[in-house]
Amino acid sequence: MKIILKIAAFCAAGFLVETHAADPNKVIRVAFPIAETSYDPAFASDEVSQTITERIFEPMLEYDFLAKPVKVVPRTLAAPPEMGDGGKTITVKVQSGIYFSEHPAFNGKKRELIAADYAYSFKRIIDPKVKSPWFFLFEGKIVGANEARATAQKAGKFDYEAAMPGLEIVDRMTLRIRLTAPDFNFLWILAMPSTGALAREVVEKYGDQIGGNPIGTGPYVLGEYKRASKTTLLASPTYRKRVWDWKSSAPEDQETIKALTGKSVPAVGKVEMYVIEEGQALWLAFLNGEHEYIASLPPAAVNLAKTGNVLKPELAARGIKLGERGVAQIYYDLFNMEHPLLGGYTKERIALRRAIQYGFPMDELISVIWNGDGQATNGVVPASLGGANPKRPRAHVYDPELAKKLLDRFGYKDRDGDGFREQPDGSPLVIPRITGTSSLARQQDELWQKSMTAIGIKITFDAQKVPDRRKAAREGKATTMTEAWVADYPDAENFLQLLYGRNAASENYARFKLKEFDDRYDQIRLMPNSPARDKIIDEMQDLVAVYAPWINLRRSIEYTLAQPWIVGFRKHPIGHDAWEFMDIDLSKLPKK
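Quick note on the numbering used here: the sequence shown kicks off at 138 and runs consecutively.
These aren't lab readings, by the way, just hints derived from the structure by calculation. Predicted model only: the values in this text are computed from it and were never measured. Any given hint could be a false lead.
[To be verified] Dumping the calculated DSSO-like pairs for lysine-lysine here, alpha-carbon to alpha-carbon at most 30 Å:
hint, residue 1, residue 2
1, K729, K449
2, K208, K672
3, K225, K728
4, K650, K528
Starting from the given sequences, assemble the full structure and let the hints guide the process.
Here is the structure:
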């Protein structure tokens, strides 16, 4: 399905008169299975960090809470962006009367959000010292961005005062963005948490510690913060006047619309986020009424919560609601293409990676460990996005006999009779796999051990927490590991950029660098949705299948659980959990 970008008229939610303030007695408590990395929008790249960051810092646009198909609407802008010069120029006007939360850096004065704040925040992403994983969003796109970055790399310092042709401050509230070429996805970028506005004086006060001291214009401010354990958000007392006014004609949305229309945004006074890695612990906390919802039902609780896609009767009797988490995402097993054993583009290294795929029983992973809640995919691009091809064959093939033949053919043989193969030069063949620390990860390790032993490959495991292994991947220290990606915007480009050579120091954890792939990526970035573009995207996915930097492509079918007292909870296909648009029905809370 092709999703077409639409900018809603300026009558979207959020620009009416406030009726009452957030209630401090209303609390949303939720858990994530991984810890945050940073609350600096230029650096945050995992779901938990981005979800919280977007509640504090505001990008120019936001996703309509109810729209199907998805669309973005003004968030801090006085009107939708104006497109000009055939799509190469975007002019935005910031709404007046939006203020940053109070902070000593503002010397006791109210600090209004202005156009220069967005220009500065974009420059931080470009600044090489910030090491933003989001530079790919601007690389080669904003006029002067690459040149400014190169100058900073030579000088050792980014010149924030220097004019950049692609970020022109027209007046106090107006910013003109000039692109090197028409970019049909750039407006989606203006709705991403990474492009939220920071105040320069606050960043300069905290420097590298800004990620733990976030000050923005959003509906919440940071309260209690215990790194990798608990984060508390409090409704901002200085947040502008907004009321809930989203529209939808869908029958399933009417109950939410009736309950929330006209209420203050935010209505909930506090949000508490906990890090709970183990699915069983998360499940028990929810059952005890300690959390308002489970954003993704853990495998350990699947059979306890539902039968197929039907909620257990005892849970339904409590008013708990089951929903499907309909987000565009993919899981994959990557290889570091710069690793001396696993990487490389020679035939024998390609054969090794493909043999590992042929030897791994992915259907067993899905049916046994994932309890059947998953599907093999036909490529890198999820089926719901622009550029996807539903006619592509399944990407994964399980054939251990073929794996053995392929290994034999390219010289990976058991030379000493111990049951395990050696490399073609006779040196040991040991696959070093980075894994997780949860019980689910241990189950998957057992499957990997069993399947690789069956084809004569020795494998070892190095258990690391998610932020640690992602940091290692960005630094080029990964080996092979499982990763996942959830769409930042609804187009194939957002997934294919994970394999783009220029992103090898950021989100391209495999460090895949192939000219044939990169040339095609450069092409599709300049093309609107069309059959010609879809053909090139198909060719790119074919290259991934041939060279195998990623294997075992799959998606999970995930479910949510919500308590009867949480109002308005829903998993947006692209956007993060917008707690400011939810409410708590205090009358339905369990009696203490």
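Hint check:
Between K729 and K449 the CA atoms are separated by roughly 25 Å; this keeps the pair inside 30 Å, and the hint holds. Taken as a hint, the K208 and K672 pair is honoured in the structure, with Cα atoms around 25 Å apart against an allowance of 30 Å. Distance restraint check for K225 and K728: the Cα-Cα separation of roughly 58 Å exceeds the 30 Å cut-off, and the hinted pair is therefore not satisfied. Between the alpha carbons of K650 and K528 the distance comes to roughly 27 Å, so the proposed pair stays at or under 30 Å and holds.
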